[in-house]
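Participant: Got two chains here, separate frames each, mind docking them using the hints?
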Amino acid sequence: AQSVAQPEDQVNVAEGNPLTVKCTYSVSGNPYLFWYVQYPNRGLQFLLKYITGDNLVKGSYGFEAEFNKSQTSFHLKKPSALVSDSALYFCASDFGNEKLTFGTGTRLTIIP
Amino acid sequence: NAGVTQTPKFRVLKTGQSMTLLCAQDMNHEYMYWYRQDPGMGLRLIHYSVGEGTTAKGEVPDGYNVSRLKKQNFLLGLESAAPSQTSVYFCATLPGLAGSTDTQYFGPGTRLTVL
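For the record, the sequence lines run as chains A and B.
FYI, the numbering used here numbers position 50 of the first sequence as 51, with every residue one higher than the one before it.
FYI, the numbering used here numbers position 56 of the second sequence as 235, with every residue one higher than the one before it.
Where hints are given, some of them may not hold.
Claimed, not checked - The list that follows gives simulated cross-link-like pairs (lysine-lysine, DSBU-like), each with its CA atoms no further than 30 Å apart:
{"no.": "1", "chain 1": "A", "residue 1": "23", "chain 2": "B", "residue 2": "249"}
{"no.": "2", "chain 1": "B", "residue 1": "250", "chain 2": "A", "residue 2": "70"}
{"no.": "3", "chain 1": "A", "residue 1": "23", "chain 2": "A", "residue 2": "78"}
{"no.": "4", "chain 1": "B", "residue 1": "188", "chain 2": "A", "residue 2": "100"}
{"no.": "5", "chain 1": "A", "residue 1": "50", "chain 2": "A", "residue 2": "70"}
{"no.": "6", "chain 1": "B", "residue 1": "250", "chain 2": "B", "residue 2": "188"}
{"no.": "7", "chain 1": "A", "residue 1": "23", "chain 2": "A", "residue 2": "70"}
{"no.": "8", "chain 1": "B", "residue 1": "193", "chain 2": "A", "residue 2": "50"}
{"no.": "9", "chain 1": "A", "residue 1": "78", "chain 2": "A", "residue 2": "50"}
{"no.": "10", "chain 1": "A", "residue 1": "100", "chain 2": "A", "residue 2": "23"}
{"no.": "11", "chain 1": "B", "residue 1": "188", "chain 2": "B", "residue 2": "236"}
{"no.": "12", "chain 1": "A", "residue 1": "78", "chain 2": "A", "residue 2": "100"}
{"no.": "13", "chain 1": "A", "residue 1": "78", "chain 2": "A", "residue 2": "59"}
{"no.": "14", "chain 1": "B", "residue 1": "249", "chain 2": "B", "residue 2": "188"}
{"no.": "15", "chain 1": "B", "residue 1": "250", "chain 2": "A", "residue 2": "100"}
{"no.": "16", "chain 1": "A", "residue 1": "100", "chain 2": "A", "residue 2": "50"}
{"no.": "17", "chain 1": "A", "residue 1": "59", "chain 2": "B", "residue 2": "236"}
{"no.": "18", "chain 1": "B", "residue 1": "236", "chain 2": "B", "residue 2": "249"}
{"no.": "19", "chain 1": "B", "residue 1": "236", "chain 2": "A", "residue 2": "50"}
{"no.": "20", "chain 1": "A", "residue 1": "59", "chain 2": "A", "residue 2": "23"}
Just so you know, these hints were derived from the structure itself, not from any lab.
Isolated chain B (complex conformation) (with noise of 0.2 Å):
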């Protein structure tokens, strides 16, 4: 039981490249979630998702993807890279059982450098 991975781990990318950043659940749960990371801003929402094939925007979506097209993979896309994307980026997952109060489990994070 892995539990929430993300892939990859590190990447540097030049402005207006593209890449996705993966992140897997082996858990079965409905929610997942893309967060960035800065530092003295904590943790903003970019995208969110409620289940296989739904998505829907956080508090900071411009400028990324994202898809979910298996209810275990929630995928996140940069189509033109700023270096303003720097960041540390983190995955989470929720069982979203009905009436649960249970708390978001979060992924080790990818550390992304946009020069």
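Just chain A, with the same shape it has in the complex (with noise of 0.2 Å):
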């Protein structure tokens, strides 16, 4: 079955320090791969998405994202973290049927 994984249901990260919010698929082909970020009380916002072409993608907020086609990855990047970014982030993948599939989000933490 096609699934999207989110292996860390917590991430902290000092402020000004990079972070990682990882993600990976399972399915056959080429799925085309979003990321969303929620705040508290919030609906979901579009952060960047992959498609085709290059692997890193920039995306809002100066958040990039880097596909991995061997890996099956596609982690969430920023160089520098702000206390601002502390939010819940959810990986998101569309096989094909406009339709997506979430990962259960990780919740990143910024710490002072």
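Facilitator: Next up, the structure:
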């Protein structure tokens, strides 16, 4: 079955340090991959997506993600974390049917 | 341009009561979706619609019904609410144009508690 996994429920990073939020997928073929962010009591906001082409995708708020087909991963990264980056992050995939499959989410906490 | 709106924002029901959640969009998008969000489980698709007058089941459709009588509105109904339906419900839309690689746009959510 096609699936998306976020292996870490919680990630803590000191302000100013680089951050990584991990995502792996399980599917045959080439899925579309997305990252969304959710702030408290809000809906999901789109950060970035990979469709095809350059494996490094740049998105909103200084975030980027690297698509790695051999490792079936799409990790979210940022060179220098801000306290305002603290939120719940979701990786998702569209396996070609215009329906998103979500990971279980990773709570990112940036420590001042 | 309000985007995607959801009504109500909060609701408390007793077991067995019924209610309808409304999702409205002013972006002329073809596709609309209802998700539920539960701790540790991410978002799970309940039902979706690929156009006016169409609906289809998602991953967790049991206990819910939907209707898309108008393109701009997607209704989610609970006929007999159960405590297991306590959740945060999100609506989303997608342009649905052929060949599009657009993203889904999410509403602000409805927090439902069933006692």
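Participant: Give a verdict on every hint.
Facilitator: Status of each hint after checking the structure:
Pair hint residue 23 of chain A plus residue 249 of chain B does not hold up; C-alpha atoms about 40 Å apart against a cutoff of 30 Å. With a C-alpha separation of about 38 Å, the suggested pair residue 250 of chain B and residue 70 of chain A falls outside the 30 Å cut-off, and the hint is violated. Between residue 23 of chain A and residue 78 of chain A, the direct Cα distance comes to roughly 9 Å. Compliance with the 30 Å bound is thereby established for this hinted pair. Restraint check: the Cα-Cα separation between residue 188 of chain B and residue 100 of chain A comes to about 24 Å, which is no more than 30 Å; the hinted pair holds.
Under the criterion of a C-alpha separation no larger than 30 Å, the hint pairing residue 50 of chain A with residue 70 of chain A is consistent with the structure, at around 15 Å. Note on residue 250 of chain B and residue 188 of chain B: the hinted pairing holds, with a Cα-Cα distance of about 22 Å set against a maximum of 30 Å. A distance of roughly 14 Å separates the Cα atoms of residue 23 of chain A and residue 70 of chain A; the hinted pair therefore holds under the 30 Å criterion. For the proposed pair residue 193 of chain B and residue 50 of chain A, the alpha carbon gap of about 40 Å is over 30 Å, so the pair is violated.
Taking the CA atoms of residue 78 of chain A and residue 50 of chain A, the gap is near 13 Å; set against the 30 Å cutoff, the hint holds. Of the supplied pair hints, the one linking residue 100 of chain A and residue 23 of chain A holds, its CA atoms being roughly 21 Å apart against a limit of 30 Å. This hinted pair checks out: residue 188 of chain B and residue 236 of chain B have alpha carbons roughly 24 Å apart, not beyond 30 Å. At roughly 25 Å between alpha-carbon atoms, residue 78 of chain A and residue 100 of chain A fall within 30 Å of each other, so this suggested pair holds.
Restraint check for residue 78 of chain A and residue 59 of chain A: satisfied, since their Cα atoms lie roughly 10 Å apart, inside the 30 Å limit. With a CA separation close to 21 Å, the supplied pair residue 249 of chain B and residue 188 of chain B stays within the 30 Å bound. Restraint check for residue 250 of chain B and residue 100 of chain A: the C-alpha separation of about 18 Å stays at or below 30 Å, so the hint holds. About 15 Å separates the Cα atoms of residue 100 of chain A and residue 50 of chain A, which keeps this hinted pair within 30 Å; it holds.
Taken as a hint, the residue 59 of chain A and residue 236 of chain B pair is broken in the structure, with Cα atoms around 34 Å apart against an allowance of 30 Å. With a CA separation close to 18 Å, the supplied pair residue 236 of chain B and residue 249 of chain B stays within the 30 Å bound. For the suggested pair residue 236 of chain B and residue 50 of chain A, the alpha carbons sit about 26 Å apart, so the restraint of at most 30 Å is met. Only pairs whose Cα atoms come within 30 Å are accepted, and residue 59 of chain A paired with residue 23 of chain A is accepted, the gap being roughly 16 Å.
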